[in-house]
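Turn these sequences into a full structure, and let the hints steer you where they fit.
There are 2 protein chains.
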Amino acid sequence: MEETKERMIVVAVDESEESMEALSWSLDNLFPYGSNNTLILLYVKPPLPVYSSLDAAGFIVTGDPVAALKKYEYELVESVMARSRTVYQDYESDINIERRIGRGDAKEVICKAVEKLRANMLVMGTHDYGFFKRALLGSVSEYCAKRVKCPVIIVKKQPEDN
Amino acid sequence: MEETKERMIVVAVDESEESMEALSWSLDNLFPYGSNNTLILLYVKPPLPVYSSLDAAGFIVTGDPVAALKKYEYELVESVMARSRTVYQDYESDINIERRIGRGDAKEVICKAVEKLRANMLVMGTHDYGFFKRALLGSVSEYCAKRVKCPVIIVKKQPEDN
Numbered sequence: 585m586e587e588t589k590e591r592m593i594v595v596a597v598d599e600s601e602e603s604m605e606a607l608s609w610s611l612d613n614l615f616p617y618g619s620n621n622t623l624i625l626l627y628v629k630p631p632l633p634v635y636s637s638l639d640a641a642g643f644i645v646t647g648d649p650v651a652a653l654k655k656y657e658y659e660l661v662e663s664v665m666a667r668s669r670t671v672y673q674d675y676e677s678d679i680n681i682e683r684r685i686g687r688g689d690a691k692e693v694i695c696k697a698v699e700k701l702r703a704n705m706l707v708m709g710t711h712d713y714g715f716f717k718r719a720l721l722g723s724v725s726e727y728c729a730k731r732v733k734c735p736v737i738i739v740k741k742q743p744e745d746n
Numbered sequence: 585m586e587e588t589k590e591r592m593i594v595v596a597v598d599e600s601e602e603s604m605e606a607l608s609w610s611l612d613n614l615f616p617y618g619s620n621n622t623l624i625l626l627y628v629k630p631p632l633p634v635y636s637s638l639d640a641a642g643f644i645v646t647g648d649p650v651a652a653l654k655k656y657e658y659e660l661v662e663s664v665m666a667r668s669r670t671v672y673q674d675y676e677s678d679i680n681i682e683r684r685i686g687r688g689d690a691k692e693v694i695c696k697a698v699e700k701l702r703a704n705m706l707v708m709g710t711h712d713y714g715f716f717k718r719a720l721l722g723s724v725s726e727y728c729a730k731r732v733k734c735p736v737i738i739v740k741k742q743p744e745d746n
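Protein sequences, first through last, are from chains A and B. For the record, in the first sequence the residue sitting at position 109 is 693 according to my numbering, with numbers rising by one throughout. For the record, in the second sequence the residue sitting at position 32 is 616 according to my numbering, with numbers rising by one throughout.
No lab work stands behind these hints: they were computed from the structure. Keep in mind that the hints are not guaranteed to be accurate.
Intra- or inter-copy, both count: the list cannot distinguish identical chains.
Stated by the list, open to error - As a list, the in silico DSS-like pairs of lysine-lysine whose alpha-carbon atoms are at most 30 Å apart:
#, residue 1, residue 2
1, K655, K691
2, K654, K733
3, K589, K655
4, K589, K654
5, K700, K629
6, K589, K696
7, K730, K655
8, K696, K730
9, K730, K654
10, K655, K629
11, K655, K733
12, K730, K741
13, K696, K741
14, K629, K733
15, K730, K691
16, K730, K700
Now the structure itself:
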């Protein structure tokens, strides 16, 4: 009986509705009253493209595309975290929540973060597409489910009445 | 806040250590004190082979291979359920546990059972083999994770000290 054992639960969040569903599911099911579990919101930014300050014709680019991209990214991160907040704010008083931002190939960054944090669970949303798309999509959750050592929870967007 | 909502949690069990790990994980994490959750132990027997009462040389086979196989299967089911019992008996007083036995291709039977029972979660163990075997094994959990609509939890055998 280890009711009071603290668990570290990583929930991978991104711009998708599915990841918010995963967050909501986690709060409903993995944070019973009185638990000391910690929820880590993990967001992974895509790798930065390499920019040259010269454009294709050899002219110096006015403005700073890297700075513009970083600003856009910052806003994207804030937007995802704000959406997450609307999901968890009803629970917030009881739950330890941390934010982590990574950069790179999402599936690899998630696996590495789970290992580095020695997380006890990884929760991810996934798509529920038809037969043809299934082979291509949902690949991040599949990749992580195979590679991380801790239990992986794959949450699909549920019908509204469920 | 839906603390008292009853959830139906299917745990697929078989002869493997991994499935017992999945059962143990479920009890630790999905059955907080006071929950009304129901745990369904699902065991799938393989399809029965078609037997003829004549052997290859045309002689009538003495004894009844189907009866012998059924007896063997019965013992196998009882053995898996007995192992499950040693895992859940410490929790039993608080948890509703049901046993379900299916027959057929495990991955298909599990998916159908989850749908028919309108389960809220499916928990499965999986193997953690090296790179080469990974592509072949763990296929039941992968198949089910793609097809069932409810959240799927994939549990790997943890190191002893975890």
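**Earlier hints that do not hold, by number** = Those not satisfied are hints 2, 3, 4, 7, 9, 11.
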